[in-house]
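Participant: Line by line, the protein sequences are chains A, B, C and D.
Just so you know, the working numbering puts 50 at position 50 of the first sequence, and the rest follows in order with no gaps.
Just so you know, the working numbering puts 451 at position 98 of the second sequence, and the rest follows in order with no gaps.
Just so you know, the working numbering puts 820 at position 114 of the third sequence, and the rest follows in order with no gaps.
Just so you know, the working numbering puts 945 at position 31 of the fourth sequence, and the rest follows in order with no gaps.
Please note that the accuracy of each hint is not assured.
Unchecked claim - Distance condition first, Cα-Cα at most 30 Å in a straight line; then the derived DSBU-like pairs of lysine-lysine: (1) Lys972(D) <-> Lys227(A); (2) Lys308(A) <-> Lys380(B); (3) Lys27(A) <-> Lys661(B); (4) Lys442(B) <-> Lys393(B); (5) Lys580(B) <-> Lys199(A); (6) Lys303(A) <-> Lys393(B); (7) Lys552(B) <-> Lys222(A); (8) Lys2(A) <-> Lys552(B); (9) Lys222(A) <-> Lys137(A); (10) Lys961(D) <-> Lys380(B); (11) Lys1120(D) <-> Lys936(D); (12) Lys2(A) <-> Lys380(B); (13) Lys393(B) <-> Lys490(B); (14) Lys442(B) <-> Lys1120(D); (15) Lys827(C) <-> Lys753(C); (16) Lys40(A) <-> Lys575(B); (17) Lys442(B) <-> Lys979(D); (18) Lys355(B) <-> Lys199(A); (19) Lys936(D) <-> Lys963(D); (20) Lys963(D) <-> Lys979(D); (21) Lys2(A) <-> Lys575(B); (22) Lys753(C) <-> Lys222(A); (23) Lys2(A) <-> Lys827(C).
Claimed, not checked - Among the chain B residues that face chain A by a calculated CB cut under 8 Å, a handful are: (24) Ile358; (25) Asp362; (26) Glu408; (27) Tyr645; (28) Val646; (29) Lys659; (30) Phe679.
I should point out that these hints are in silico values taken from the structure, not numbers from a laboratory.
Backbone N, C-alpha and C define an ideal beta-carbon position, used for all residues, glycine too.
Read off the chains here:
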Amino acid sequence: MKKIINDVDRVIVETLEGMAAAHPELKVNIDPHYIVRAHKGNKVAVISGGGSGHEPLHGGFVGTGMLDGACPGEMFTSPTPDQMYECAKVAESGKGVLFLVKNYTGDVMNFETAVELVAGENIAVQAILVDDDVAVKDSLYTAGRRGVGLTVLMEKIVGAAAEAGCDLDTCASLARKVNLNGRSLGMALTSCTVPAAGKPTFQLADDEMEIGIGIHGEPGIKRMPFKRADEITEILTTTILDDKGYSRTLREWDRGAGDWVEKTLVDKDFNEGDEMIVLVNSMGGTPLSELYVVYRKLAEICKGRKIKIVRSLVGPYITSLEMQGFSITLLKADAEILQYWDAPVRTPGLQLG
Amino acid sequence: MKKIINDVDRVIVETLEGMAAAHPELKVNIDPHYIVRAHKGNKVAVISGGGSGHEPLHGGFVGTGMLDGACPGEMFTSPTPDQMYECAKVAESGKGVLFLVKNYTGDVMNFETAVELVAGENIAVQAILVDDDVAVKDSLYTAGRRGVGLTVLMEKIVGAAAEAGCDLDTCASLARKVNLNGRSLGMALTSCTVPAAGKPTFQLADDEMEIGIGIHGEPGIKRMPFKRADEITEILTTTILDDKGYSRTLREWDRGAGDWVEKTLVDKDFNEGDEMIVLVNSMGGTPLSELYVVYRKLAEICKGRKIKIVRSLVGPYITSLEMQGFSITLLKADAEILQYWDAPVRTPGLQLG
Amino acid sequence: MITEEQVLAWLELSATVMAENKEFLTDLDAAIGDADHGINMNRGFSKVKDKLPELAGKDIGTILKTTGMTLMSSVGGASGPLYGTVFMKAGQALAGKTELGSDDLCTLFQSGRDGIVQRGKAVAGDKTMFDVWAPVVEVADANRGLEPLAFLEMCVATAEEARDATAPMQARKGRASYLGERSIGHIDPGAASSTLLLAALRDTIKGG
Amino acid sequence: MITEEQVLAWLELSATVMAENKEFLTDLDAAIGDADHGINMNRGFSKVKDKLPELAGKDIGTILKTTGMTLMSSVGGASGPLYGTVFMKAGQALAGKTELGSDDLCTLFQSGRDGIVQRGKAVAGDKTMFDVWAPVVEVADANRGLEPLAFLEMCVATAEEARDATAPMQARKGRASYLGERSIGHIDPGAASSTLLLAALRDTIKGG
Ligand SMILES: Nc1ncnc2c1ncn2[C@@H]1O[C@H](COP(=O)(O)OP(=O)(O)O)[C@@H](O)[C@H]1O
Ligand SMILES: Nc1ncnc2c1ncn2[C@@H]1O[C@H](COP(=O)(O)OP(=O)(O)O)[C@@H](O)[C@H]1O
Ligand SMILES: [Mg+2]
Ligand SMILES: [Mg+2]
Ligand SMILES: [Mg+2]
Ligand SMILES: [Mg+2]
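Put together the whole structure using the sequences plus the hints.
Facilitator: In structure tokens, the structure reads:
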């Protein structure tokens, strides 16, 4: 394993120290790990977090118009409730805390504990899950769809709403709406290597690819012979576009009752005439040029289906270390979503508007 | 070779088609290849170009506050004079054309021909070279220092000056100043694979690294046992900081005489108290987290040397396809350089301010 | 009876065992997860080990609760809240105790298993650590009369069998569930780490 | 005498030769450059081949000039302007010609070599294509009296020797110069492609 690191056990701390040095507009706390804005706003605190290794997500998205705080866990491992609690305490300004949580067993369990801790301090708090990975077919026999590329779009859009002064419930509803209107699917040409593990998580032959990977270097749902970019893009795009009626029961926090309530939520279908925000995302090791080759075909397919791409983002935004591969995210946009998409954002990892 | 492409001979065309689809604010011409802004400004046209494979450089830097045009060559191969000529004709608005050229034999020869062609149309034109790679020691027994990371900073700064209405000579002087005040050095953990070649350009063992690489997948100046991030960063940073008095004779276009004149130019030394703009750049396959590990040490070394980092950029800006490795660029900044660095820029590959 | 010193010794041995099995557990997780379970457990138990000196002399309930809180704030992932809850619940159930008989061990296992269900909602056959804890609780319950060592030998034997029995299961919880049928044929990493914890307890008692 | 048809046949054969040697030339360039010389030459000469039908019946000067312009606008890199200039200069020098004797070939080689110097400022021993063109011009000059085929056999033999003689040189121009001493021991790719072009001319004449 060759990596530009000093010590497998210090990668995350040193990454944070580097971020602190490079970005005076951020306040980086080392023990426990969290990142907040240096100047906190008087607004709903939007906080996310998850395993490290997906940079710029989440820490790189802390800044005006996006996140107020981020909690990086160990490599590909959910952060812990104490981090989330501390981060929330520092970031909140009396308008409440919204956690945006990728749907993985570990993240959900740790964030739920954090919600309980924050609520215990009489701070208004909510946690909204993002579960957009259509590689996972059902939620009955699995841990449910994973949170992947849509997380970036959700953080941008909900972050803009919070920046504009929306209250906690409005931000939470918007996050829920984004989640029900977005879908993603990814693929890999190579595995990545977790520094502490020292070797690639899985092996792919020179003529193989993996479809439906997550973002943690875990294998996907299907191994296939390696294909041309257009064919891969076609598989991913049509799977996303044709996905219908995914239903799951998620827990949300009932502030009144001070307890969890279950909600059954069903994704909105994609249809002819829909306007989309699109993310073509590198898993880390795939060059930008190849992402544009993908975008070209994706645009062609959408056009053929009378689906209109109204905004797009192409680049490495939610990665798996140095993994080669990419993911596609489509988000059906309405006026509210578009308004907040177009609002300016200034973070280390994303600047628009 | 596994790459997200369709056909090794169509990678560049399809990348351009994807860019055109994703960025309505750009006008992408396929035959010959060039990219210009959809709405041209009434200003000096700043145009760059070079081999493809370095994305987002150069095409991704076309937009408000940076380039007016870019000419992508074949993979790692200088573009041709006809592209540059056509691009200049489309982008120029009567205020003249400034070519920013990375110092490689091929790029220099092709851009010189383009200058002659453009001058032949009675358009005011100048070409300024960037040659910042301290890996190359002398210009007497080599083709001279290569243009690497500093190109990004030069395009940003000179682009801002042109946007602010500076005339051709002012922009050219600023470009020359940036070049004499900036230095870079890079390293690689792996080679990249040129699609049409189908196999890695060079081989590095699991315990080896290459110091002083260029940006074309070519081997560097020294192969070494692989070291920790801090040691690598120390080698690169101190080599850059200690580099003194590089002198070279370059050709510039004499508009009055309509011919080339030779200029001998000497780099400015870096000294205690200098203020620096810093770029820590991924060669493509190195994750952002590792770049921050590098930045951390770089900041520490600069602090120890009483050199002040006043601005920084961390990410993949001038890449070699999927190569793993990074480069460091330091640019001594004065008030003029800082003013134009801080000016807003809106391009697909760089947004600031 | 198992003393408070033996509980501390168990936790210390667990830290050693997790360090020794870091790669083994990570490899199991690489096959059907994300290659971090051994790293997570090792990180958590080395933190627990750091805490042990200040726990000397405390009652067993406090020791277990502190262990749970330490795991909760250092392991992360799915196993962090799960093992965190296991130890916190066991600590609550055994509050004030200074020594444990087989009955108390039953209580420990039961509250641990219940904590896993509460957090993870796992049922039998989901291919999780629950598939080890559930049969262990049953066997423990049926053998309350035995001396601690003989009792633990039975529990460990049950755990080992139950761990191996996770291999043919198709995962329905946690990360491994994404693999569907491809999860079949691999032992669940959490089942393996749970078995290691039980074996470490048995070895502590056996050793003295 | 070499006819206009033979010149066209030479360019056509050159396209075939560059296609066949794409990997060979690229491998040479991978060792001391950026692994594209064969790709560049193949791209350029396949464009030249596309142009050949419309050149039928044109004078040799025009054919060579058009070839030069085509190479200039399709090869890119260092070799594009160099070979572009070679053929454009040769075309200028042989303007209006409809057949070539050995004297004319001397002119062709000389103007080609001069074009390389003008663009690339190479001198002997820099380890570039110039190191092939320079000795070929000398040998050609000394053998003006020979029949075209015998004359070309001499030129090709000289080129092959000169090409191989670039191996021990340390590069001082182009990309290979960055390698310093590590450039020693490898044949210069441009020297190799230049030799292929000469051999293709010889083979065209030999073939009929
Ligand atoms: N819902 C659940 N209920 C019980 N145990 C679970 C559940 N989900 C996961 N686990 C256990 O957690 C283990 C994985 O732990 P670990 O690898 O440390 O966390 P992560 O899956 O977040 O990377 C699995 O092997 C399984 O035993
Ligand atoms: N200054 C120069 N003068 C003459 N020939 C040169 C010069 N620089 C490079 N060359 C020739 O060009 C060849 C490389 O061509 P090519 O690989 O196509 O372009 P690039 O080096 O831009 O990738 C070298 O092998 C050498 O023969
Ligand atoms: Mg994990
Ligand atoms: Mg080249
Ligand atoms: Mg795991
Ligand atoms: Mg080359």
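Participant: Indicate, hint by hint, whether the structure satisfies it.
Facilitator: Now for the hints, and whether the structure bears them out:
The straight-line distance between the Cα atoms of Lys972(D) and Lys227(A) is roughly 46 Å, outside the 30 Å bound, and the hint therefore fails. Taking the CA atoms of Lys308(A) and Lys380(B), the gap is near 20 Å; set against the 30 Å cutoff, the hint holds. Of the supplied pair hints, the one linking Lys27(A) and Lys661(B) holds, its CA atoms being roughly 20 Å apart against a limit of 30 Å. This hinted pair checks out: Lys442(B) and Lys393(B) have alpha carbons roughly 12 Å apart, not beyond 30 Å.
About 18 Å separates the Cα atoms of Lys580(B) and Lys199(A), which keeps this hinted pair within 30 Å; it holds. For the hint linking Lys303(A) to Lys393(B), the alpha-carbon distance of about 28 Å falls within 30 Å, and the restraint holds. Between Lys552(B) and Lys222(A) the alpha-carbon distance is near 27 Å, which keeps this suggested pair within the 30 Å criterion. With a C-alpha separation of about 20 Å, the suggested pairing of Lys2(A) with Lys552(B) holds against the 30 Å cut-off.
Proposed proximity of Lys222(A) and Lys137(A) is supported: the alpha carbons are some 12 Å apart, at most 30 Å. Between Lys961(D) and Lys380(B), the direct Cα distance comes to roughly 26 Å. Compliance with the 30 Å bound is thereby established for this hinted pair. Restraint check: the Cα-Cα separation between Lys1120(D) and Lys936(D) comes to about 24 Å, which is no more than 30 Å; the hinted pair holds. At most 30 Å may separate the alpha-carbon atoms for a hinted pair to count; Lys2(A) and Lys380(B) exceed this at roughly 40 Å.
A C-alpha spacing of about 40 Å is found between Lys393(B) and Lys490(B), which places the hinted pair above 30 Å, so the restraint is violated. Between the alpha carbons of Lys442(B) and Lys1120(D) the distance comes to roughly 47 Å, so the proposed pair goes past 30 Å and is violated. In summary, the hint linking Lys827(C) to Lys753(C) is supported, as the alpha carbons are separated by about 27 Å, within the 30 Å threshold. For the hint pairing Lys40(A) with Lys575(B), the CA-to-CA distance comes to about 47 Å; that exceeds 30 Å, so the pair is violated.
Simply put, Lys442(B) and Lys979(D) have alpha-carbon atoms about 24 Å apart, close enough for the 30 Å limit, and the pair holds. Distance restraint check for Lys355(B) and Lys199(A): the Cα-Cα separation of roughly 20 Å lies within the 30 Å cut-off, and the hinted pair is therefore satisfied. Distance check on the hinted pair: Lys936(D) and Lys963(D) sit about 16 Å apart at the alpha-carbon level, within 30 Å; holds. Of the pairs offered as hints, the one joining Lys963(D) and Lys979(D) holds, with about 14 Å between alpha carbons and a cut-off of 30 Å not exceeded.
With a C-alpha separation of about 17 Å, the suggested pairing of Lys2(A) with Lys575(B) holds against the 30 Å cut-off. Restraint check: the Cα-Cα separation between Lys753(C) and Lys222(A) comes to about 38 Å, which exceeds 30 Å; the hinted pair is violated. Between Lys2(A) and Lys827(C) the alpha-carbon distance is near 40 Å, which puts this suggested pair outside the 30 Å criterion. For the restraint placing Ile358(B) at the interface with chain A, the shortest Cβ-Cβ distance is roughly 5 Å, inside the 8 Å limit, so the hint holds.
Violation of the interface hint for Asp362(B) is found here, the shortest Cβ-Cβ separation to chain A being roughly 13 Å, above the 8 Å cut-off. For Glu408(B), the shortest C-beta to C-beta distance to chain A is roughly 4 Å, which falls under 8 Å, so the interface hint holds. Restraint check, Tyr645(B) versus chain A: the minimum CB separation of about 3 Å is within 8 Å; hint holds. Restraint check, Val646(B) versus chain A: the minimum CB separation of about 5 Å is within 8 Å; hint holds.
Using the Cβ-Cβ criterion of 8 Å, the hint placing Lys659(B) at the interface with chain A is not satisfied: the shortest such distance is roughly 16 Å. With a cut of 8 Å, the hint placing Phe679(B) at the interface with chain A holds, because the nearest CB-to-CB distance is about 6 Å.
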